[in-house]
Amino acid sequence: MTFARINAMLLEGFGTSCQLFLLTLVLSLPLGLIIMFGSTCKFTPLRWLTRTFVWIIRGTPLMLQLFVVFYVPGMLFHMHLFPSGPEGRFAAALTAFVINYACYFSEIYRGGFGSITRGQYEAAQVLGMTRWETFRHVILMQVVKRLLPPMSNEIITLVKDTSLARTIMVAEIFFINETEILTKGIVWPLFYIGVFFLIFVGALTLLFNYLEKKLSYYKV
Amino acid sequence: MAFLKVNNITKSFGELNVLKGIDFSLEKGQVLSLIGSSGSGKTTLLRCLNFLETPDSGTVTVREKTVFDAKRTSKPSLREMRENQLKFGMVFQSFNLFPQHSIRKNLTLAASLIEKERLKKAHASRADIHTAMERIDQHANEVLAQVGLSDKADSYPYQLSGGQCQRAAIARALMLSPDILCFDEPTSALDPELTGEVLRVIRGLRSEDRTMIIVTHEMEFARHVSDRVIFMADGVIAEEGTPEEIFEHPKNEKLQAFLSHTKETSFQED
Ligand SMILES: Nc1ncnc2c1ncn2[C@@H]1O[C@H](COP(=O)(O)OP(=O)(O)OP(=O)(O)O)[C@@H](O)[C@H]1O
Ligand SMILES: [Mg+2]
Numbered sequence: 084m085t086f087a088r089i090n091a092m093l094l095e096g097f098g099t100s101c102q103l104f105l106l107t108l109v110l111s112l113p114l115g116l117i118i119m120f121g122s123t124c125k126f127t128p129l130r131w132l133t134r135t136f137v138w139i140i141r142g143t144p145l146m147l148q149l150f151v152v153f154y155v156p157g158m159l160f161h162m163h164l165f166p167s168g169p170e171g172r173f174a175a176a177l178t179a180f181v182i183n184y185a186c187y188f189s190e191i192y193r194g195g196f197g198s199i200t201r202g203q204y205e206a207a208q209v210l211g212m213t214r215w216e217t218f219r220h221v222i223l224m225q226v227v228k229r230l231l232p233p234m235s236n237e238i239i240t241l242v243k244d245t246s247l248a249r250t251i252m253v254a255e256i257f258f259i260n261e262t263e264i265l266t267k268g269i270v271w272p273l274f275y276i277g278v279f280f281l282i283f284v285g286a287l288t289l290l291f292n293y294l295e296k297k298l299s300y301y302k303v
Numbered sequence: 002m003a004f005l006k007v008n009n010i011t012k013s014f015g016e017l018n019v020l021k022g023i024d025f026s027l028e029k030g031q032v033l034s035l036i037g038s039s040g041s042g043k044t045t046l047l048r049c050l051n052f053l054e055t056p057d058s059g060t061v062t063v064r065e066k067t068v069f070d071a072k073r074t075s076k077p078s079l080r081e082m083r084e085n086q087l088k089f090g091m092v093f094q095s096f097n098l099f100p101q102h103s104i105r106k107n108l109t110l111a112a113s114l115i116e117k118e119r120l121k122k123a124h125a126s127r128a129d130i131h132t133a134m135e136r137i138d139q140h141a142n143e144v145l146a147q148v149g150l151s152d153k154a155d156s157y158p159y160q161l162s163g164g165q166c167q168r169a170a171i172a173r174a175l176m177l178s179p180d181i182l183c184f185d186e187p188t189s190a191l192d193p194e195l196t197g198e199v200l201r202v203i204r205g206l207r208s209e210d211r212t213m214i215i216v217t218h219e220m221e222f223a224r225h226v227s228d229r230v231i232f233m234a235d236g237v238i239a240e241e242g243t244p245e246e247i248f249e250h251p252k253n254e255k256l257q258a259f260l261s262h263t264k265e266t267s268f269q270e271d
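Protein sequence lines correspond, in order, to chains D and Y.
Okay, so the first sequence: first residue is 84 according to this note's numbering, each after it adds one.
Okay, so the second sequence: first residue is 2 according to this note's numbering, each after it adds one.
So that you can see chain D by itself, here it is in the shape it has in the complex (with noise of 0.2 Å):
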């Protein structure tokens, strides 16, 4: 195995995990939304059965439920949801994240919205304000302020969480990097890998960093 042959593998894993890292964001940011209007319904029984939804995926490891959506559709009602090989695998794993992420920010989100005072919604309807321009002007930017903080752990505990995938054999950058260390003794690949989430880690903190700096303007 050359330099050249190992380094493309682990770009090729790094791709993996960057796809998995935003894919799940994109789909599990506006999934915890609808769970999270699921969880405040006014109807209690799809409040209780999103809550208990909730608390079963917020309770049980992810890798657990990697291999749940994975292997359990095939195993007990030879379902096969995702098709064999790589592309299936990957969306198995896509699948767990999403649904993990979801319940997660779903949470995050009704801590959000629930510290927001009655006032401020009665201020803007005694004001003629619709439902739409209340929540578009004022809640929405109070909610994200307020969502920031929480939420950025959150997503730098996801970069780190897509390593994971490899529980279902999904060739995610940790993956590669445990073949070749495994087989041909070589370490310098941990190394690698280690930067690898150094910078990611990295640039999202400067990032989210950014973002709290310019709500600073105001406190609530």
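Among the hints, a few may not be true.
Said to hold, decoys possible - Listed next, with one range per pair, are the computed distances between beta-carbon atoms:
| # | chain 1 | residue 1 | chain 2 | residue 2 | range |
| --- | --- | --- | --- | --- | --- |
| 1 | Y | Glu118 | D | Cys101 | 36 to 46 Å |
| 2 | Y | Ala146 | D | Gly197 | 33 to 43 Å |
| 3 | D | Thr135 | Y | Glu81 | 34 to 44 Å |
| 4 | Y | Gln147 | D | Trp131 | 46 to 56 Å |
| 5 | D | Ala286 | Y | Gly40 | 40 to 50 Å |
| 6 | Y | Gly40 | D | Leu108 | 27 to 37 Å |
Claimed, not checked - Straight-line distance between alpha carbons at most 30 Å, and here's what the computed DSSO-like set of lysine-lysine pairs gives:
| # | chain 1 | residue 1 | chain 2 | residue 2 |
| --- | --- | --- | --- | --- |
| 7 | Y | Lys66 | Y | Lys88 |
| 8 | Y | Lys21 | Y | Lys106 |
| 9 | D | Lys228 | Y | Lys106 |
| 10 | Y | Lys76 | Y | Lys121 |
| 11 | Y | Lys76 | Y | Lys66 |
| 12 | Y | Lys106 | Y | Lys6 |
| 13 | D | Lys297 | Y | Lys66 |
| 14 | D | Lys297 | Y | Lys117 |
| 15 | Y | Lys72 | Y | Lys88 |
| 16 | Y | Lys106 | Y | Lys122 |
| 17 | Y | Lys72 | Y | Lys21 |
| 18 | Y | Lys29 | Y | Lys76 |
| 19 | Y | Lys88 | Y | Lys255 |
| 20 | Y | Lys76 | D | Lys125 |
| 21 | D | Lys228 | Y | Lys117 |
| 22 | D | Lys296 | D | Lys243 |
| 23 | Y | Lys72 | Y | Lys106 |
| 24 | D | Lys302 | Y | Lys6 |
| 25 | Y | Lys122 | Y | Lys76 |
| 26 | D | Lys302 | Y | Lys255 |
| 27 | Y | Lys66 | Y | Lys122 |
| 28 | D | Lys296 | Y | Lys106 |
| 29 | D | Lys125 | Y | Lys72 |
| 30 | Y | Lys117 | Y | Lys106 |
| 31 | Y | Lys21 | Y | Lys88 |
Derived by calculation from the structure, the hints in this document are not laboratory data.
For glycine and all other residues, C-beta sits at the position ideal for the given N, C-alpha and C.
Here the structure of chain D is known, so what remains is to put chain Y with the ligands in place on it, guided by the hints.
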């Protein structure tokens, strides 16, 4: 017919009957003070007028137009609801300014949303919309000057004192020129030394075409600012009259007890 007519408003929260049939009317330009002990239903009455609570029965009429009727079954259109809503303005005890917007934006936000919607429906040009927005900005400057906050236009609510916040909230309500402006204990959340500036601003708002309803525990202020005073007790109007009648010659026993318990406040005439 009276400018504002409130007819047999009742409201209960579960088992608790908070308003047990409120009737009163108000002429244009009059200032009404609502006084009464804690829990007598003053806030609830204001909230009912401002559509923040839905009364169980009764009607509210403003300028001959019924804006609320508990018996009405059809839901009013969004446009009508907004129109009715804007007949009333409300200043809250806790200001409820929008923290992420400057004081100027707090004032102009609702007005510009309404104006933009109207102009877009009329297919106005962008230049027209621009002029309209400038007019609203200009109006905001005038209103800010009126409440003595010209120098705070670009500040954010967290940078203002309580008294300044409340004056900004008053200015925000004034922007939409409501027919009836309601105040719910506008100075109760303030340090005593800041109540004077707010009460002076409210007193300065009195004019022939500004009708106001003020819930207050500041008896000196109520006596000086109002044309009429209503004393509420246990969800009913126990006594109603001119400030002289209420404060000099109270007939109702509960009112007499209430007045003797209320210590004179520090509102100063100047
Ligand atoms: N949303 C609500 N749910 C249940 N009870 C309520 C609600 N709002 C008010 N009440 C009750 O209604 C009664 C009247 O309340 P209200 O706030 O109108 O009194 P108030 O005259 O404004 O008193 P205060 O001088 O203390 O402000 C109180 O007993 C209060 O607990
Ligand atoms: Mg009250």
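Each hint tested on the structure:
1. Y:Glu118 - D:Cys101: 36 to 46 Å: holds (43 Å)
2. Y:Ala146 - D:Gly197: 33 to 43 Å: For glycine 197 of chain D against alanine 146 of chain Y, whose Cβ atoms are near 38 Å apart, the range 33 to 43 Å holds.
3. D:Thr135 - Y:Glu81: 34 to 44 Å: holds (42 Å)
4. Y:Gln147 - D:Trp131: 46 to 56 Å: holds (52 Å)
5. D:Ala286 - Y:Gly40: 40 to 50 Å: violated (57 Å)
6. Y:Gly40 - D:Leu108: 27 to 37 Å: violated (50 Å)
7. Y:Lys66 - Y:Lys88: Holds - the C-alpha atoms of lysine 88 of chain Y and lysine 66 of chain Y are around 11 Å apart, at most 30 Å.
8. Y:Lys21 - Y:Lys106: violated (40 Å)
9. D:Lys228 - Y:Lys106: Roughly 18 Å separates the two Cα atoms, so the pair holds.
10. Y:Lys76 - Y:Lys121: holds (25 Å)
11. Y:Lys76 - Y:Lys66: Judged against 30 Å, a Cα distance of about 16 Å means the pair holds.
12. Y:Lys106 - Y:Lys6: Status violated; Cα separation ~34 Å.
13. D:Lys297 - Y:Lys66: violated (47 Å)
14. D:Lys297 - Y:Lys117: holds (28 Å)
15. Y:Lys72 - Y:Lys88: holds (20 Å)
16. Y:Lys106 - Y:Lys122: holds (23 Å)
17. Y:Lys72 - Y:Lys21: holds (17 Å)
18. Y:Lys29 - Y:Lys76: Since the Cα atoms of lysine 29 of chain Y and lysine 76 of chain Y sit roughly 28 Å apart, the hinted pair holds (cutoff 30 Å).
19. Y:Lys88 - Y:Lys255: violated (33 Å)
20. Y:Lys76 - D:Lys125: holds (21 Å)
21. D:Lys228 - Y:Lys117: holds (27 Å)
22. D:Lys296 - D:Lys243: holds (25 Å)
23. Y:Lys72 - Y:Lys106: At roughly 39 Å apart (the allowed maximum being 30 Å), lysine 106 of chain Y and lysine 72 of chain Y break the hint.
24. D:Lys302 - Y:Lys6: violated (41 Å)
25. Y:Lys122 - Y:Lys76: Satisfied, since the Cα-Cα distance of roughly 23 Å is no more than 30 Å.
26. D:Lys302 - Y:Lys255: violated (44 Å)
27. Y:Lys66 - Y:Lys122: Judged against 30 Å, a Cα distance of about 25 Å means the pair holds.
28. D:Lys296 - Y:Lys106: Holds. Lysine 296 of chain D to lysine 106 of chain Y sits at ~21 Å (cutoff 30 Å).
29. D:Lys125 - Y:Lys72: Holds, because 26 Å separates the two Cα atoms, which is no more than 30 Å.
30. Y:Lys117 - Y:Lys106: Answer holds: lysine 117 of chain Y to lysine 106 of chain Y is near 15 Å, not above 30 Å.
31. Y:Lys21 - Y:Lys88: holds (24 Å)
Consistency with the previously given hints fails for numbers 5, 6, 8, 12, 13, 19, 23, 24 and 26, ordered from lowest to highest.
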